Amino acid sequence: MLELTARQLRDKIARREIRSVEAVEAVCGQIDRAEATVGAYLSLDREGAMEAAQRVDAKIAAGQTVGLLAGVPMAVKDNMCRQGAATTCGSKILENFRSPYDAHVIERLNAAGAVILGKTNLDEFAMGSSTENSGLKRTINPWDPTRVPGGSSGGSAAAVASRMCFAALGSDTGGSIRQPASLCGVVGLKPTYGRVSRYGLVAYGSSLDQIGMLTRDVADTAMVLQAIAGHDDRDSTCVREERAPIPDYSAKLDEPVTGLRIAVVPHLNAGAEPQVMAAVNRAIDVYRSLGATVVEVEMPHLDYAIACYYVIATAEASSNLSRYDGVHYGHRSRRADEFAQVYNLSRAEGFGAEVKRRIMLGTYALSSGYYDAYYLKALKVRNLIRRDFSQVFETADCILMPVSPTTAFRLGEKTADPLQMYLADIYTIAANLVGIPGISVPCGFDEKNLPIGLQILSGPFTEDKLLRIARMFEKNSGLPVRVPSVCEGL
Amino acid sequence: MKDLDYKVIVGLEIHVHLATRTKMFCGCELAYGQEPNSRVCPVCLGMPGSLPVMNRQAVEHSILTAMALHCRITPHTKWDRKSYYYPDLPKNYQISQYDLPIGQNGFIEIPGQGGQVKRIRILRAHLEEDAGKNTHTFGAFSAIDLNRAGSPLLEIVTEPDLESPAEVRALAQELQRIVRYLGVSEADMQKGHMRFEPNINLHITRDGQVFKTPITEVKNLNSFRSIERSVAYEIERQLDEFIETGKTLQMGNKKTFGWDDANQCTVLQREKEEAHDYRYFPEPDLVPVEVSPQWMESIGSRLCELPLVRQQRFVQQYGMSDYDAGVLTADRATAEFFEQSVRAGGQAKRVCNLLTQAGLKLANEKGRTVAELGISAANLARLAQMADSGQTSATAAVAIFEAMTQSDSGPEAIAAERNLIQKSDAGEIESLVDAVIAANPQAVEDWREGGKKSAKSRGFLLGQVIQKSKGQANPKIVSEILDRKK
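Going down the list, the sequences are from chains A and B. For the first sequence, the numbering used here assigns the number 1 to the initial residue and increments by one for each residue that follows. For the second sequence, the numbering used here assigns the number 1 to the initial residue and increments by one for each residue that follows.
In short, the hints are calculated from the structure, not lab data. Keep in mind the model is a prediction, meaning the values are calculated, not measured. Just so you know, even glycine gets a beta-carbon here, dropped at the ideal spot from N, CA and C. Watch out, some of these pointers could steer you wrong.
[What the hints assert, rightly or not] So the derived list for chain B, only partly shown, Cβ under 8 Å to chain A, looks like this:
1) Pro42
2) Leu45
3) Pro48
4) Arg81
5) Pro284
6) Pro288
7) Val289
8) Val291
9) Ser292
10) Pro293
11) Trp295
12) Ile299
13) Arg302
[What the hints assert, rightly or not] Computed spacing ranges between beta-carbons, pair by pair:
14) Pro75(B) x Ala353(A): 22 to 32 Å
15) Arg46(A) x Pro36(B): 47 to 57 Å
16) Arg98(A) x Asp99(B): 35 to 45 Å
17) Glu29(B) x Ala36(A): 43 to 53 Å
18) Ser368(A) x Gly246(B): 27 to 37 Å
19) Ser368(A) x Lys255(B): 18 to 28 Å
20) Gln269(B) x Asp337(A): 41 to 51 Å
21) Arg138(A) x Gly192(B): 46 to 56 Å
22) Pro36(B) x Ser368(A): 33 to 43 Å
23) Gly246(B) x Ser367(A): 48 to 58 Å
24) Glu290(B) x Asp233(A): 11 to 21 Å
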């Protein structure tokens, strides 16, 4: 059963071939086997999941209509609020915090009949590319326990890859869905900024954050996106459906895009490992064989994306994280014996090193006298990058590039050098700065049997086309089926 | 020493609580005096993951106020985060407007000396969210009430055009009248709906040289009296300080004071203006605000004649005193009710008298406006006509006015029912006069003889006639007939 995709499982549950409780039991069995090794989950709600599964089964038995994700066991990154449940963001400062409300996406999952199994590990406040910045747990890559799962949605990627759930939600501020999806060999989509409500997603970089999903295949991504996309009055940056209608993402998924025009950016690819580039180039050849035309384009301002991102994201983060002060909720220092110490000590004790680093960077960038030179300049660069993309999309349907310059690196390999870690985001960051959708699709393995991801980027609110393009490759890639080591013997 | 030649320079920052249904960025109802932390939600508590949503009504109230203050309305505006750490500020940043305030470069007219009007320039008006309230009455702990957190606040900043404590007070009161006229704020000082922060210094001329004293800001004043007194106090204090120390205005020597109401003095809060870096940047959780011409127009249609303009017009148009005009224009409903009654045929002076003598007293007793007493403008106009034509006495008219607040009947019916109609029939009155003359020969003789007893006797005879008519004879006519018979 664990080999089924979410969509196959959903169909079988709907046809009463499998009961949802059986799916939950199967997943829990795999969690019992693999979780001690993988460490994907920060919290599990087996009882709640079983009850939700029973409710779905009862509805189906009674012949009632059920939602799009009815009975499918799913995981949620632990920076999305679920009422009454721990929402830690992988941080000691929120280790004992329980959210009083449901995020919009949780409401949507509940409405669609999904069974929420638990919350997954992440880099603290989604800041990182390896999940090593989690203040609470270590997650490993299911393909090699000595390696990182990527990040920041590393827990979600590892949970999907190791079959400890059928699909998971993640969030992507600079690549945090796509990069771990790539490193763990699963599909990961970051939708257009504004496609999915951020209400209840704990903010890191508000103008960059977007909720998406990590799944076994592109069809699952289409199904989960269908369930969570759409306007929400509680998020002002969430686009109204009159302006950007939501199509049926699954209806035409298997129809290839005819006359597909693909753009590639040669000068960007110099930094990628040869094996990564080789796999991406093989993928491009697959598209060529399907009749696509490939053009080389220049995107001169992409070189500044990382610098631009680390100013904007940290500036927003420094403000977004100021609310964790030990006064209203979350960790409060026991050592504080006067007013200012409550703030200083609670934050000093509660935040990890990377979060502190980014708060300091962002605070600096917004400080009087530096604002124009850093923040304002970054906004201008952001506009230039935006222009680069809109020019490319005038003539191309999509842009292909790697997701990550490397396959999964070793635990601890980059923790001592934050700049090296930041460079891991080189291919993914631009989509967040520009707000466009991007997907990571498995496109091969390196010699160490580590997955490689192909990244496809397309114009704003063209997820339907993006998914079809991704699906074209998925169906025609001719990749051998491999399973991660933790799944052997299932 | 204090006979120095000096000029007072005051600029005012005013925070006005807007009377919207809900808070600035969430759906919590605005409520005063509720159980602490009972009007809160994840958004105004700054819970992780919550997002603000702009309250359109608050923006409209602000634009309307800015229009009334003759500001230029910013067509493309936005929200900014202002960062500082304080326990009553749950997010540790306040959503405000930094470089694109909703209104800029306006003015307000305030009553000056001798019926003159003085124009005070408005630098800016911007919208922001209020903080909560810290209280320190729990021993070693402080308590935080966040009911107020997230309430919409309009901050209005004047240029330093005010030159006396009286002007500062006049501006505060005029602004209160304006926001009430516009219906954008209850402006109840007791509930803290308006808070004032004057910035004060002096330009002292000595030996042909001008010395500027260091600026002081007095925080959080919430009564007209405290504004006026704190400015007056600061003037004296700054003069004394200057005489004693000779200190003048320099970068960074601004001081912040509070007002000690018990001791009627200002109290130093911060010696040096802290080098506060608020790290303003555009609020990424909200989209920019486009104020379209259509939107402006529909908001502008709610504008009305401003109270001070109306007050002056009443003096001009109806020939009433500035005092009466001020009373009638104190609130918009009363002013409009007055004019409706005049348009319905009431003579202005009479309507004014009825309203100021009977109406306002009753309205105050009932805690309502005159317009809410239950009297129609048409009935008030008819009552005024009756009093004018002598059908009722002025005293009776007040009684009828009071009766009308409790009855659906018109003034004529009430007057008839209560025998408050004056008799003006000359024939009828003449027979009464004759009877009184016949019955009081001594008084008639004293009256006709002239001398010191004459006036008193005439009064007596007049009174007898009125008494015989059971108070219904029109005194004017009685008087005429009596005098003919001298």
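So, going through the hints one by one against the coordinates:
1. About 5 Å separates the beta-carbon of Pro42(B) from the nearest beta-carbon of chain A, less than 8 Å, and the hint is met.
2. Below 8 Å, beta-carbon pairs count as interface contacts, and Leu45(B) has one with chain A at about 7 Å; its hint therefore holds.
3. The criterion of a C-beta within 8 Å of any C-beta in chain A is met by Pro48(B), whose closest approach is roughly 4 Å, and the hint holds.
4. About 5 Å separates the beta-carbon of Arg81(B) from the nearest beta-carbon of chain A, less than 8 Å, and the hint is met.
5. The interface hint given for Pro284(B) is met, as the beta carbon of that residue sits about 4 Å from the closest beta carbon of chain A, less than 8 Å.
6. This hint is violated: Pro288(B) has a C-beta 10 Å from the nearest C-beta of chain A, more than the 8 Å allowed.
7. Because the smallest distance between the Cβ of Val289(B) and any Cβ of chain A comes to about 11 Å, over 8 Å, the interface hint for this residue is violated.
8. For the restraint placing Val291(B) at the interface with chain A, the shortest Cβ-Cβ distance is roughly 16 Å, beyond the 8 Å limit, so the hint is violated.
9. Because the beta carbon of Ser292(B) sits about 17 Å from the nearest beta carbon in chain A, more than 8 Å, this interface hint is broken.
10. At about 22 Å, the closest approach between the beta carbon of Pro293(B) and any beta carbon in chain A exceeds 8 Å, and the interface hint on this residue is violated.
11. At a threshold of 8 Å, the smallest CB-CB gap from Trp295(B) to chain A is about 17 Å, leaving the interface hint violated.
12. Proximity of Ile299(B) to chain A is violated relative to the hint, the smallest CB-CB distance being about 21 Å (cut-off 8 Å).
13. This hint is violated: Arg302(B) has a C-beta 25 Å from the nearest C-beta of chain A, more than the 8 Å allowed.
14. At roughly 45 Å, the beta carbons of Pro75(B) and Ala353(A) sit outside the given window of 22 to 32 Å.
15. Evaluation of the 47 to 57 Å hint for Arg46(A) and Pro36(B) yields a failure: the beta carbon distance comes to about 39 Å.
16. Judged by the Cβ atoms, the range 35 to 45 Å given for Arg98(A) and Asp99(B) holds: they are separated by roughly 39 Å.
17. At roughly 50 Å, the beta-carbon separation of Glu29(B) and Ala36(A) lies within the given 43 to 53 Å, and the hint holds.
18. At roughly 32 Å, the beta-carbon separation of Ser368(A) and Gly246(B) lies within the given 27 to 37 Å, and the hint holds.
19. In this structure the supplied range 18 to 28 Å holds for Ser368(A) paired with Lys255(B), their Cβ-Cβ distance being about 22 Å.
20. Take Gln269(B) and Asp337(A): their Cβ atoms lie about 24 Å apart, and the range 41 to 51 Å is violated.
21. Take Arg138(A) and Gly192(B): their Cβ atoms lie about 52 Å apart, and the range 46 to 56 Å holds.
22. In this structure the hint that Pro36(B) and Ser368(A) lie 33 to 43 Å apart at CB holds, the actual value being about 36 Å.
23. Range check, Gly246(B) to Ser367(A): Cβ separation about 36 Å, and the 48 to 58 Å hint is violated.
24. The hinted window of 11 to 21 Å between Glu290(B) and Asp233(A) holds, with their beta carbons roughly 19 Å apart.
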